[in-house]
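S.K.: Per our numbering, numbering through the sequence shown is continuous, rising by one, with the last residue being 409.
Just so you know, the hints here were simulated from the structure itself, not pulled from any lab data.
Do not rely on the hints blindly, as some may be mistaken.
Derived DEER-like restraints, expressed as beta-carbon distance ranges [unchecked claim]:
| no. | residue 1 | residue 2 | range |
| --- | --- | --- | --- |
| 1 | Glu197 | Lys104 | 22 to 30 Å |
| 2 | Arg396 | Gly205 | 29 to 37 Å |
| 3 | Pro288 | Ala344 | 26 to 34 Å |
| 4 | Asp223 | Ala171 | 25 to 33 Å |
| 5 | Gly392 | Gly205 | 34 to 42 Å |
| 6 | Lys104 | Trp343 | 39 to 47 Å |
| 7 | His280 | Glu201 | 19 to 27 Å |
| 8 | Glu99 | Val164 | 29 to 37 Å |
| 9 | His280 | Gly260 | 21 to 29 Å |
| 10 | Glu120 | Glu175 | 22 to 30 Å |
| 11 | Gln254 | Leu176 | 37 to 45 Å |
With a straight-line Cα cutoff of 30 Å, these simulated DSS-like cross-link-like pairs (lysine-lysine) come out [unchecked claim]:
| no. | residue 1 | residue 2 |
| --- | --- | --- |
| 12 | Lys104 | Lys350 |
| 13 | Lys350 | Lys64 |
| 14 | Lys194 | Lys350 |
| 15 | Lys194 | Lys290 |
| 16 | Lys194 | Lys64 |
Glycine included, C-beta positions come from ideal geometry on N, C-alpha and C.
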Amino acid sequence: MTDKLRAAVIGAGYWGPNLARNFRTSPDWDLVAVCDLDEGRARKVVGPRSTVDVVTSVTELLARDDVDAVAIATPARTHAPIALAALEAGKHVVVEKPVADGGVAARTMVARAAELGRVLMVDHTFCYTAPVLKMRELIAEGALGDIHYVDSVRINLGIVQPDVDVFWDLAPHDLSILDFILPGGLVPTGVAAQGADPIGAGQSCVGYLTLPLPGGAIAHVHVNWLSPTKIRQMVIGGSRRTIVWDDLSPQQRLTVYDRGVELGQPLPDKATTNISYRLGDAWAPALPEKEALGVMVSEFAAAIREGRAPRTDGHAGLRVLDVLEAAGRSLGDGGRLVPVGAVPVGGAA
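With the hints as extra help, turn the sequences into a complete structure.
M.R.: Structure (structure tokens):
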């Protein structure tokens, strides 16, 4: 199949223009329409001399037969109704994160997409960046060995959101990355969340997630709106090697350390542990410079053409959503460890 697929973007606010630009420049896609309740805002996205249509009605857009797929960049509470209407109209769907504003709605979306044979994809943009793709590759090929721990920090002096806490605002990035790179996806044995609201904003502005993982590993995610310094860093420690990803270091975003701690047999007195330290090389893998959204829209097209689930399918979105909802339950239970809703790891979108 060599003909271009035809896409429409629904929502011309913060993220919609980025999606429109990447569909427009992709060799796989022809952007045919941008839909927004505010006609002027949509027209600003397409430009004054563009042949891309401006539409103000989602119903009108979905009735068109020249649209193969839609990208939804609207508030989370509208994701499920718009996506379900699009699926019923025979369109493939990619939706901005989070996949929905609740697990029930998200499960309905995933089930209906499977029943109708349509691709449902979640725009977990970070999963299509060069460092994250490389981390996934190194972990999959066993370069790190068994995963022992993950420490992730995403902090800055950010906008205090009026409708969601810091977990829902920032943690989806880190959780989607973990789901993408960990073998089998993000399936923690529980979630413990601690949050603080020292400025009286009405929701957590500083938060910590602890996620015990199968096999004895553990992941820790720190998110914060109140930090005067910006940090975007993830450390993934394995039995053989450790990866450090610093997203704010353009010259060396990814570093692999062949260093670690090894536990040997107990010493003769049986009271002293025999620990050795491995001090090997460190290196920075070469990373291609590609815009993540461009890679994402190409993956969306490939999934449609090949009749397969995309790398960040509806199930991936569900696993992230389940952790966020479990975090909310943990916060309400004094930060205690709570179980995560069971979500299938595989399956077509």
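S.K.: For the pair supplied as a hint, Lys194 and Lys64, confirm whether the alpha-carbon distance does not exceed 30 Å.
M.R.: 28 Å, holds
S.K.: Tell me if the beta carbons of Gln254 and Leu176 are separated by a distance inside 37 to 45 Å.
M.R.: 41 Å, holds
S.K.: Is 21 to 29 Å right for how far apart the beta carbons of His280 and Gly260 are?
M.R.: For His280 and Gly260 the Cβ distance comes to about 26 Å; the hint holds.
S.K.: Cβ-Cβ distance between Arg396 and Gly205: within 29 to 37 Å?
M.R.: 32 Å, holds
S.K.: Given the hinted pair Lys350 and Lys64, is their alpha-carbon gap at most 30 Å?
M.R.: 21 Å, holds
S.K.: Holds or violated: 39 to 47 Å for the Cβ distance of Lys104 and Trp343?
M.R.: 45 Å, holds
S.K.: Could one say that the CB atoms of Glu120 and Glu175 fall in the range 22 to 30 Å?
M.R.: Given a distance of about 25 Å, which is inside 22 to 30 Å, the answer is holds.
S.K.: Holds or violated: Lys194 and Lys350, Cα atoms, limit 30 Å.
M.R.: This hinted pair holds, its Cα atoms lying about 13 Å apart.
S.K.: Taking the Cβ atom of His280 and the Cβ atom of Glu201, is their distance within the range 19 to 27 Å?
M.R.: 25 Å, holds
S.K.: Has the given pair, Lys194 with Lys290, been kept, meaning a C-alpha gap of at most 30 Å?
M.R.: Answer holds: Lys194 to Lys290 is near 23 Å, not above 30 Å.
S.K.: Is it true that Glu99 and Val164 lie within 29 to 37 Å of each other by Cβ?
M.R.: At roughly 33 Å between Cβ atoms, Val164 and Glu99 fall inside 29 to 37 Å, so the hint holds.
S.K.: Evaluate the given range 22 to 30 Å for the C-beta pair formed by Glu197 and Lys104.
M.R.: 39 Å, violated
The structure fails to meet hint 1 from the earlier list, while all remaining hints are met.
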